[in-house]
Every structure is written in structure tokens, then in C-alpha cells.
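**Student:** Read off the chains here:
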Amino acid sequence: MDDSLVLEYDVPGDDFTRAGEASSATKATLKRLGLPADIIRRVSIVMYEGEINMVIHADGGKATVTVSPDAVTMVLKDTGPGIPDVDKAMQAGWSTASGAARDLGFGAGMGLPNMKKWSDRMTIDTAVGVGTTVTAVIDL
Amino acid sequence: MEKFFHSVYLDDSLCRGCINCIKRCPTQAIRVQNGKARITSEFCIDCGECVRTCSYHAKKLRRDTLEILDQFDYTVALPAPSLYLQFHNLDDVNIVLTALLRLGFDDVYEVAAAAELVSAASRAYVQSHRESWPLISTACPSVVRLIRVRFPNLVERLLPLKPPVEVAAELARERAVKRTGLPGHRIGVIFLSPCPAKVTYARDPLGVERSHLDGVLAIKDLYPLLLEQMKQVRSDPQALAAAGRAGVSWGISGGESGGMESESYLAADGIENVIRVLEEVEDDKLSHLQFIELDACDGGCVGGVLNVENPFVARAKLRALSARLPRSDRHLRPADPDSIAWTAPVRYEPVFRLGSSLKESIALARQVEELTAQFPGLDCGCCGAPSCRALAEDIVRGLASRHFCIHILRDHIHTLSDTCADMIADVVAKNQECSQERIQALAGQLDQLNTEIAMMDVGHRPAACAVPAAQEEGGDVYDPA
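Residue numbers (this note's numbering), protein chains in the order written: chain W, 1 to 140; chain V, 1 to 481.
Just so you know, not all the hints are guaranteed correct.
Now the in silico label distances, taken between C-beta atoms and shown as ranges [claimed, not checked]:
| # | chain 1 | residue 1 | chain 2 | residue 2 | range |
| --- | --- | --- | --- | --- | --- |
| 1 | V | P376 | W | D10 | 18 to 28 angstroms |
| 2 | W | A71 | V | L442 | 47 to 57 angstroms |
| 3 | W | G93 | V | H57 | 50 to 60 angstroms |
| 4 | W | P84 | V | P345 | 43 to 53 angstroms |
Covered stretches of chain V, going by a simulated chain W footprint (3 or more residues, C-beta under 8 angstroms) [to be verified]:
| # | segment |
| --- | --- |
| 5 | 96-108 |
| 6 | 350-363 |
Below, a list of computed lysine-lysine pairs in the BS3-like style, where the Cα atoms sit at most 30 angstroms apart [unchecked claim]:
| # | chain 1 | residue 1 | chain 2 | residue 2 |
| --- | --- | --- | --- | --- |
| 7 | V | K23 | V | K60 |
| 8 | W | K77 | V | K359 |
| 9 | W | K88 | W | K116 |
| 10 | V | K220 | W | K117 |
| 11 | V | K285 | V | K36 |
| 12 | V | K60 | W | K117 |
| 13 | V | K359 | W | K62 |
| 14 | V | K36 | V | K23 |
| 15 | W | K117 | W | K88 |
| 16 | V | K36 | W | K77 |
| 17 | W | K116 | V | K359 |
| 18 | V | K285 | W | K62 |
| 19 | V | K285 | W | K88 |
| 20 | V | K285 | W | K116 |
| 21 | W | K62 | W | K116 |
| 22 | W | K77 | W | K88 |
Just so you know, the hints here were simulated from the structure itself, not pulled from any lab data.
All C-beta atoms, glycine included, are put in the ideal place defined by N, C-alpha and C.
Let the sequences and hints guide you as you build the complete structure.
**Tutor:** Dropping the structure here:
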């Protein structure tokens, strides 16, 4: 697409302290575009939750953000274990996060529900043993 | 009112064109161009980092001098809480306050006393605005300016109350008018400031249309004069002090939070730490807190560049002084909360926006990404910008060119010189006569080569990265023999 901006980030899988780098970088770029404050806030929350999900569950992955004059589209793609029951994963408070992740304050079971809450549209494409791709769209 | 007035300015004659300040500026407001630092007014938040970091003292600060007292019929000094923490073995604030009267002021009004009123108003506001938690302190003007240009999401979380210095200025003038019967404009209300941000505030305030401050003096300018006067009054100072521990503690980080009488707060100091906290508030990670106190300077206001004492020693002095102070002021009646509320809202200033429309901004942001990928990613500062990305943004804003990057330039010079060599080699190899056309082409290449080599010279870029200009013929040339 000629009139859009594409930002790509590798999300490392083994380092909690680096989760959030992609959302921070995205946030900085969106501010350069002069997008409304509310949109930037929503994008950064969705991105951050998506990044954390990839760190906790999937040993990292790739985040691609596309900004067009109509929408911000975030694609979070991993080759992790996949989600066996998407309906359950979408329930607030349901979590399969490890004890270690919970000890760090993650794994409250609000990741995907929060991403959906702050997006205008969200789809989850997942297969057990293959990986998960979450696509979240925020309209402008 | 000047929208982007600043108290920080550069003394060209002292600036050596190093890159220390561009690296430290939290809003990337400084560039070194033609060998001298330049501050972009729209980006500057008056935090004073560049003043602190400049080894050559080329960053200067505007402020008033004591002569300003002559402009008024009656003057009131407003000492910042941090002023008391500059002196050794000070056991009575009255000594400082009495010394101020001897310096020529007619009255004193402690900012620390007003701080206690602001604390009361802050507690009431925070408790009645749960939906905005965590609210962010607005006492440090640099923090408010930082949020105004860099954190659009957080503008609505700013505690919309006047800072203690403004409340003190209003109350001081009111009291002076009552005491003297003079019209308000004949009274000079002068702040004794620890930092440049407050100097700027007096001219270009935040949250109010116009500040009641008539002038701002630097603590470090007054310090030697005060010491002299304090010696004279030490044994018998007047009873002028009104503030207690709660108010004086506003001089250090955590002091303002202490006045909130709640445990649900965070206090961060130092501009880089402030930015880290603001990023987290922006991502909704600190929503369990009620209040966030932020000070641009290390240690709080005692870390301001117009102080004398280092902030850690100042904190120790507060501990000693506190033991001799009442908890809080007992002389002031509680102020009307409306008189402390902001009267002019602070709004987001999108100064970093690349284009005038979203479409244009997207196109420019794409160019920024492409250019950034071409640069070496060393953030060396040899282009005069603090990072490769900052240079890329300068280029799309039309303020710089790719050849500002010394690495790109060097590569291009190599290419040009290779081309010249090839052209000559070609003529030699074919052993043919050199046509006028070829000579002209070669001359063109050499001309370009010269221009680009000159771009590496002093005068075009930070001095540290420049090649010293070529020696004149017959000049002194280093001869190892």
C-alpha cells in the first residue's frame, strides 16, 4: 500500500524486561504522525498486551504495525503452541500462564480480552502446534 | 506573552561545538550546526540538563538582578523551600528570612507556606477525582511542559492546581496591598528560584493566563549576599517563618507526596526517570496509584541548576532542619479551593508532528524509516543530531541533508575519488588524447569531491568530529623528522 506506513518488530521470547519495546517504539512513531491521544493510548495498550502474550506463551514472535489514513492494523504473529480453546482464552481471568510469569505480575487472564476491548476489530488465527496470529484493528 | 520563551540561551563565544548537550537533552531539542549548539525553541522544556552538562558553561540562564527592587515601591521576596537547604548548620529559617529583609526586600512570603495550602487542595482534588487516578503533580513546570509536548494522553491527568509559587505570589501581593494601600502594580513580587524552569514560568506560565511573579532571582546569585547578612542577624532574627516541615519538604523529591497523607503514590526525580514513569502511566501500568509526583531535577527542587549545594547534602540538611520545625503552618487560614484551581487549561502541543495532515505525516514517517535504515545506527552525533533517527527526521523536515552523516559522506567521497581514478586510468590505458569533454567531466567530479571533503571540515559539523581545515601552503606542517 502506497499511502501507509509499515513498522516491523521482532519480539524476543526469553526476556520480560524487553517486552514493551515494540509498543514504545510504535507509540513514539504515532506521536510523530499527530494521531489523536485516545488512538495512541489504545494502540499502545493492545500492542503491549500482544507483546506480553508472545513473551509468556510463544517464545516471542513478530509484530507488524500498518498505519493507513483509515486505520492502525496490528498483526502479532508467533510460531508458539497455539490456543486450544479460543473461547476460553477470550474469557476474562482465564489464564494458562506459568507460575514464573504470574510471579512477575503477568498472567492475570486479561491479555486477549483487553486487546479486544481496546480494538475495533480483532481476529485470532490459531492452530495447536503451529502458532497464533492475532490481528487487531483500530479505526481512525 | 511569548509562547515559546525560554530562560536558557547559548553564549556562542563559549560553545566549542561538542556533542554533550545534544546527547543529554530529553526532548532532543538541540543540534550542533556550523560548529555551534542551537536550541529548537518549540521542543525545549527548560529542564536545565544542557546547562548542567555543558563543560564550557556556554549555556546561560536569563534571570533578574537585585536592581529589580528599584522598579517597585514595595517588594516581597518569595523564597523557594530549597533556599533554606543551601546553608550549613541552619537551625532557624527566620535567619534567612530576616537576612532577606536586610537585602532590601520589604516583606517575605514563604513558598513553603503556600505549598501547605496546595497540599490541602491537592488532597481534596485527588480524593474527589478517582476517575483520573493516577493524577500527576504540576508543581514542576518542566514536567508539565514535557507532558504538553510528548505525552498527549497524560494531559488530562495533570493536577489542575496552581503551583505553590503562584499561590504564594497571589497571597503575597494581596497582603502587601492590604498593608500598604498601594496599587497592586507598584508591588514587586520576586521569586528566589532554584531552577530556570521557574524563570520561564514567570514569563510564560502554565495553568494561568498571567503569573503574579514580577521577577525571578537565582538562589546562587543571592547566596553570597545572604551569607553576609545572615551573620549579622543570627543572634536575633525576627519571627517571620510561617511554614512547617510539610511545606519545606516540598524542596526535595517525595516532599509533595508526603503532603498527600496517603500511601498510594509514587515519587520520581531526574528527567530520564520521569520519562520512564510517564511511559508506564501512558500504558495504564500504574492505575493502582492515586498520585504521581515528578521532579525534573535529581533529588527534586534541590537539584535545580540555580542552587549552590548538591542535592544529597541538601536532603541531609532538611532532615536536621525538620527536627526544629512544626509539622505544618499554623498561621494561614485554609485558602478557598477555587483560588488554587487553574484558570487556563494546559493543552497538548503537537510540536513533534512531521506533517500537517495525517496523509503527509505518514509519507514523511516512511521516509524517516527508510533513511534511518540507511544510517549506520551508531548515534555518534557527528551530524550534529543526537541520533541517526533524529537526523532522519531533520532531513524530512528540510533541516538537514544525508551528507550530514559523516559515514555516508565518507563512503560517497570514496566513490567519487574511485570514479576520478577510473576516468584517468581509462585515458592512460587507451593511450589516447584526452578530449575537452573528458577533461570537463573529470573537473566536475573533482569539484564535487572538493565540496564533499570540505563538508568534513570544522564549521560544518561538531568540532570533535571534524577534520581540521587544510593547512595553508607554507604554513607549519608537522614533520616527524
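**Student:** Next step is simple, just say for each hint if it's right about the structure.
**Tutor:** Hints versus structure:
no.: 1; hint: V:P376 - W:D10: 18 to 28 angstroms; result: holds (20 angstroms)
no.: 2; hint: W:A71 - V:L442: 47 to 57 angstroms; result: holds (54 angstroms)
no.: 3; hint: W:G93 - V:H57: 50 to 60 angstroms; result: holds (58 angstroms)
no.: 4; hint: W:P84 - V:P345: 43 to 53 angstroms; result: holds (50 angstroms)
no.: 5; hint: 96-108; result: violated (count 0)
no.: 6; hint: 350-363; result: holds (count 10)
no.: 7; hint: V:K23 - V:K60; result: holds (18 angstroms)
no.: 8; hint: W:K77 - V:K359; result: holds (27 angstroms)
no.: 9; hint: W:K88 - W:K116; result: holds (14 angstroms)
no.: 10; hint: V:K220 - W:K117; result: violated (53 angstroms)
no.: 11; hint: V:K285 - V:K36; result: violated (41 angstroms)
no.: 12; hint: V:K60 - W:K117; result: violated (50 angstroms)
no.: 13; hint: V:K359 - W:K62; result: holds (26 angstroms)
no.: 14; hint: V:K36 - V:K23; result: holds (14 angstroms)
no.: 15; hint: W:K117 - W:K88; result: holds (16 angstroms)
no.: 16; hint: V:K36 - W:K77; result: violated (47 angstroms)
no.: 17; hint: W:K116 - V:K359; result: holds (27 angstroms)
no.: 18; hint: V:K285 - W:K62; result: holds (23 angstroms)
no.: 19; hint: V:K285 - W:K88; result: holds (25 angstroms)
no.: 20; hint: V:K285 - W:K116; result: holds (18 angstroms)
no.: 21; hint: W:K62 - W:K116; result: holds (19 angstroms)
no.: 22; hint: W:K77 - W:K88; result: holds (20 angstroms)
Hints 5, 10, 11, 12, 16 from the list above are not met by this structure, while the remaining hints are.
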